[in-house]
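Asker: Chain by chain, the residues:
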Amino acid sequence: MAAKKMSIIVTKGSLDWGYPPLILATTAASMGLDVTLFFTFYGLALLKKKLDLKVTTLGNAAMEMPMMGMHMAMPNLVGALPGMDGMATAMMKDLIKKKGVASIEELREMAKECEVRMIACQMTMDLFEYDRCDMIDGIEYAGAATYIETATNSEINLFI
Amino acid sequence: MSVTVLDVKGLNCPLPILRTKKAIKDIAMDSMLQVVATDPGSVKDMEAFCKQTGNELVEWKDEGGTYTFSIKRKA
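Just so you know, the protein sequences line up as chains Y and L, in that order.
Going by my numbering, the first residue of the first sequence is number 1, and it counts up by one from there.
Going by my numbering, the first residue of the second sequence is number 1, and it counts up by one from there.
Simulated from the structure, these hints should not be mistaken for laboratory data.
Keep in mind that a hint or two might mislead.
Unchecked claim - DSSO-like, lysine-lysine: derived pairs with alpha carbons at most 27 Å apart:
| no. | chain 1 | residue 1 | chain 2 | residue 2 |
| --- | --- | --- | --- | --- |
| 1 | Y | Lys4 | L | Lys22 |
| 2 | Y | Lys50 | Y | Lys98 |
| 3 | Y | Lys99 | L | Lys22 |
| 4 | Y | Lys5 | L | Lys51 |
| 5 | Y | Lys99 | Y | Lys49 |
| 6 | Y | Lys93 | L | Lys9 |
| 7 | Y | Lys99 | Y | Lys112 |
Claimed, not checked - Far from chain L by the CB rule (all over 10 Å, computed), these chain Y residues:
| no. | residue |
| --- | --- |
| 8 | Met63 |
| 9 | Met65 |
| 10 | Pro66 |
| 11 | Lys93 |
| 12 | Met135 |
| 13 | Tyr141 |
Virtual Cβ for every residue (Gly too), placed ideally from N, Cα, C.
All chains should be modelled from the sequences, with the hints used to inform the complete structure.
Answerer: See the structure below:
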């Protein structure tokens with residue numbers, strides 16, 4: 001029986017939004033699916049050799065962090081202050097470690113290990129003037145037609 | 001019959017499943033893998049993983065938040 005297929009369009013490159021596509025990709029691959037990830041716009045940040053992902057509280061109304069037995073949300077006005085994104089990022093990374101959640105680097109490495117096909121959107125590479133040298137090895141560069149061809153042959157297609 | 005034990009205590013989704021997948025392909029067909037986890041989500045996930053991959057979840061138990069899964073390699 002031919003393996004089932006899944007594709008995901010990855011459009012976000014923040015520390016929090018980097019998780020869903022990589023978690024689903026590695027899990028699906030582990031469950032025997034052929035997986036393709038198509039990284040476009042800010043999703044390309046996840047393919048850089050040097051990952052420097054951040055999280056922001058701005059415009060994120062549901063975001064609250066556990067703190068001393070409570071949950072703390074941050075008003076936009078405070079979140080906009082210099083240093084706040086850095087602080088939120090540090091807190092998130094700390095939580096990730098404490099709770100036994102894999103890092104984005106680990107998940108990406110595992111995705112490569114289980115042969116998840118990763119495609120970087122060439123148009124976005126040009127648009128944002130990214131250099132292929134700055135991206136990890138073993139990825140493909142292609143465009144919408146390649147994605148559509150893949151999606152047409154996949155049982156599951158997601159946009160994240 | 002020998003049982004291979006995989007300890008994924010303290011690890012969170014999706015690591016227990018990814019480690020299970022890796023471990024199961026290293027054991028012989030029809031032999032047992034025992035996975036010990038603390039992730040409450042792994043109860044449903046291990047069942048789904050086995051169903052999708054064609055391996056057999058022979059039994060699982062919950063001992064005060066520590067979950068032990070006995071999986072027979074069938075695929």
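Asker: Now tell me if each hint is right for this structure.
Answerer: So, going through the hints one by one against the coordinates:
A threshold of 27 Å between alpha carbons decides the hint, and for Lys4 (chain Y) with Lys22 (chain L) the separation of about 19 Å falls inside it, so the pair holds. With a CA separation close to 23 Å, the supplied pair Lys50 (chain Y) and Lys98 (chain Y) stays within the 27 Å bound. Taking the CA atoms of Lys99 (chain Y) and Lys22 (chain L), the gap is near 22 Å; set against the 27 Å cutoff, the hint holds. The suggested pairing of Lys5 (chain Y) with Lys51 (chain L) holds, with an alpha-carbon distance near 17 Å, which does not exceed 27 Å.
In summary, the hint linking Lys99 (chain Y) to Lys49 (chain Y) is supported, as the alpha carbons are separated by about 25 Å, within the 27 Å threshold. Our distance criterion of 27 Å between C-alpha atoms is met by Lys93 (chain Y) and Lys9 (chain L), whose separation comes to about 20 Å. This hinted pair checks out: Lys99 (chain Y) and Lys112 (chain Y) have alpha carbons roughly 24 Å apart, not beyond 27 Å. Every CB of chain L lies more than 10 Å from the CB of Met63 (chain Y), the least distance being 19 Å, so the non-interface label holds.
Even its closest Cβ contact with chain L, about 17 Å, leaves Met65 (chain Y) beyond 10 Å, as expected for a residue assigned away from the interface. Non-interface status of Pro66 (chain Y) relative to chain L is upheld: no Cβ of that chain comes within 10 Å, the nearest being about 15 Å off. Interface exclusion of Lys93 (chain Y) from chain L stands, the closest Cβ pair being 14 Å apart, more than 10 Å. Residue-level check passed: Met135 (chain Y) sits 24 Å from the nearest beta carbon of chain L, beyond 10 Å.
At roughly 27 Å from the closest C-beta of chain L, the C-beta of Tyr141 (chain Y) stays outside 10 Å, upholding its exclusion from the interface.
Every hint from the earlier list agrees with this structure, and none is contradicted.
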